[in-house]
Amino acid sequence: MSVSEVYERNVLYCQDTIYDGQLTACRHANGRDWWIVLNKTNTNRYFIYLLDTGGIRLWHTQDIGVTASWTGTGSGQAVFSPDGTKYLRHCYDVDLLVFDFDRCAGELSNAKQVNIEHNDEFVLSQGLAVSQNSRFAYVAGGKYLNQVDLLANNLQSSVTEVAVWDGTLTNTFWPTYFAQAALAPNGKIFISCPGSNQTMHIIHNPDAKGKDCKVEQHGLWLPYSWNTDATPNLPHYRLGRMLGSPCDTVYSGPEPKLQIEIELYPNPTFGDLTVQISGGLYGGTIDIYNTLGQFLLQKRVIDGYNNIDLSYLPAGMYFYAVRDAGGRILQGGKIDRAP
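Going by this note's numbering, the first residue of the sequence shown is number 1, and it counts up by one from there.
Hints were generated in silico from the structure; no laboratory data involved.
All values reported here derive from a predicted model rather than from experimental measurement.
Heads up, a few of these hints could be off.
[As the list claims (entries may be wrong)] No more than 25 angstroms apart at the CA atoms, straight line, and that leaves these computed lysine-lysine pairs for DSS-like:
#1 Lys214 to Lys86
#2 Lys299 to Lys86
#3 Lys40 to Lys143
#4 Lys143 to Lys209
#5 Lys40 to Lys86
#6 Lys299 to Lys209
#7 Lys211 to Lys299
#8 Lys214 to Lys143
#9 Lys299 to Lys334
#10 Lys86 to Lys209
#11 Lys143 to Lys211
[To be verified] Derived Cβ-Cβ restraints for the label pairs, each shown as a range:
#12 Thr172 to Gln298: 43 to 53 angstroms
#13 Asp248 to Asp166: 41 to 51 angstroms
#14 Asp52 to Phe270: 41 to 51 angstroms
#15 Ala325 to Leu220: 48 to 58 angstroms
#16 Thr61 to Gly210: 31 to 41 angstroms
Yeah, the Cβ is synthetic: ideal placement off N, Cα and C, and Gly gets one too.
Please construct the entire structure, taking both the sequences and the accompanying hints into account.
Below you can see the structure in the form of structure tokens.
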């Protein structure tokens with residue numbers, strides 16, 4: 001089947017009261033198919049669809065977690081974590097909802113609600129994104145941007161305010177509030193603004209805890225675009241199959257040898273290092289060591305652009321090793337941390 005043609009259009013798959021703007025998808029653990037999740041308004045019911053080689057069909061429904069009662073349009077956002085283990089929703093009336101997600105069964109579990117201060121003050125300017133390492137959720141709500149540590153034993157106690165709107169207006173009228181958000185392939189998170197705005201906020205280091213995530217307000221200027229509360233709704237295409245899982249059965253032939261290409265730059269670096277990877281690496285890591293061979297840090301890396309902050313390290317020579325999901329070293333070398 002060619003992807004350059006449309007074989008069906010205007011086909012109705014769900015006729016119900018659906019929460020507008022919160023359709024999202026996650027790759028199946030078999031690495032081929034997709035799960036698509038929708039929420040019914042005024043309920044805690046979720047429609048979970050399966051998209052496979054036979055088309056799209058309703059897999060099942062689940063009644064789980066807190067009921068969201070907001071029936072308006074354009075408020076909030078729903079996303080999966082990049083590793084596919086979490087499904088999250090940000091809503092005007094129930095704040096943040098966090099679920100575990102089974103990529104084999106297409107099933108939600110372990111529902112948790114996290115209260116976000118000031119969330120009910122801004123109905124439309126709301127968004128949500130998860131860091132590339134799948135640890136931190138960023139909840140955008142009008143004047144406020146909060147971080148939630150998804151690995152914390154108590155999600156509520158981990159809520160940290162990382163930015164407050166600085167008062168900037170576009171054309172002396174439109175406030176550059178924090179609205180819908182998206183994780184980009186370079187590992188940064190971009191946050192849209194409401195109204196007729198030409199700027200986006202940037203979280204430069206979303207993998208870092210607290211204000212070390214480095215929020216830059218209206219850091220991206222869009223000279224030819226007027227944006228309002230919107231970011232592209234794209235799933236995590238780089239998420240592969242779940243190796244060793246019960247549903248890792250689609251491919252039965254010999255494992256293809258990946259032709260992974262890895263480039264680090266700039267090197268020497270003053271602290272901001274980019275690890276560019278191509279060839280299909282999922283769930284890899286980069287380890288940094290000092291000249292004594294002592295382990296210093298580990299960062300998750302995937303296909304695309306991965307940003308690593310080494311500015312806190314003293315000037316000198318360091319060594320790195322990029323590994324695949326099984327721990328096999330794909331490339332190693334030196335990093336010169338310039339003074």
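For each hint, the structure was consulted:
no. : hint                                 : result
1   : Lys214 to Lys86                      : holds, 24 angstroms
2   : Lys299 to Lys86                      : holds, 19 angstroms
3   : Lys40 to Lys143                      : violated, 28 angstroms
4   : Lys143 to Lys209                     : holds, 20 angstroms
5   : Lys40 to Lys86                       : holds, 19 angstroms
6   : Lys299 to Lys209                     : holds, 13 angstroms
7   : Lys211 to Lys299                     : holds, 18 angstroms
8   : Lys214 to Lys143                     : holds, 17 angstroms
9   : Lys299 to Lys334                     : holds, 16 angstroms
10  : Lys86 to Lys209                      : holds, 19 angstroms
11  : Lys143 to Lys211                     : holds, 16 angstroms
12  : Thr172 to Gln298: 43 to 53 angstroms : holds, 47 angstroms
13  : Asp248 to Asp166: 41 to 51 angstroms : holds, 47 angstroms
14  : Asp52 to Phe270: 41 to 51 angstroms  : holds, 48 angstroms
15  : Ala325 to Leu220: 48 to 58 angstroms : violated, 32 angstroms
16  : Thr61 to Gly210: 31 to 41 angstroms  : holds, 38 angstroms
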